[in-house]
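Q: Sequence:
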Amino acid sequence: MSTRNVQYTCGEANWRKSSRSGDSGQCVEFADVRPTHAAIALRDSKNTPGPALLVSPAAFTAFVTGLTGRG
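Just so you know, the sequence shown maps onto residues 31 to 101 in our numbering.
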């Protein structure tokens, strides 16, 4: 696995979270930033100005599959 550190400002990113998320604030939000960075951005809903983790679309699919058990 390779990693790299990238400075990225998510400015106009369209952040979303699962429709199954409640109002507890314990959520992971995601934004599709493939047009600019070929990645999916993930962030903590409790710290929206904080850092975002950029992952490949394949890694994001594997993450969601692991959470939903549809694999």
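Heads up, some of the hints might be wrong.
Stated by the list, open to error - The following label-pair restraints were derived from C-beta to C-beta distances:
# : residue 1 : residue 2 : range
1 : Ala88     : Asp53     : 28 to 36 Å
2 : Thr66     : Gly99     : 15 to 23 Å
3 : Pro79     : Arg100    : 31 to 39 Å
4 : Pro79     : Gly99     : 29 to 37 Å
5 : Ser51     : Thr91     : 16 to 24 Å
6 : Asn77     : Ser49     : 18 to 26 Å
7 : Ser75     : Thr98     : 13 to 21 Å
8 : Arg100    : Arg46     : 25 to 33 Å
Source of the hints: derived by calculation from the structure; they are not laboratory data.
Fair warning: this is a prediction, and the values are worked out from it, not measured in the lab.
Ideal Cβ positions, reconstructed from N, Cα and C, are used throughout, including at glycine.
Q: Compare the structure with each hint and give your call.
A: Do the hints match the structure? See the list:
Restraint check, Ala88 to Asp53: a C-beta distance of roughly 31 Å satisfies the suggested window 28 to 36 Å. Remark: the range hint 15 to 23 Å for Thr66 to Gly99 is contradicted by a beta-carbon distance near 32 Å. The given range of 31 to 39 Å is respected by Pro79 and Arg100, whose C-beta atoms sit roughly 32 Å from each other. About 32 Å separates the C-beta atoms of Pro79 and Gly99, a value consistent with the hinted range of 29 to 37 Å.
A beta carbon spacing of about 19 Å between Ser51 and Thr91 agrees with the range 16 to 24 Å that was offered as a hint. Distance hint check: the CB atoms of Asn77 and Ser49 are about 22 Å apart, consistent with the given range 18 to 26 Å. The hinted window of 13 to 21 Å between Ser75 and Thr98 holds, with their beta carbons roughly 19 Å apart. As the Cβ distance of Arg100 to Arg46 is approximately 19 Å, the hint placing it in 25 to 33 Å is violated.
In summary, the structure is inconsistent with hints 2, 8 from the numbered list given earlier, while agreeing with the others.
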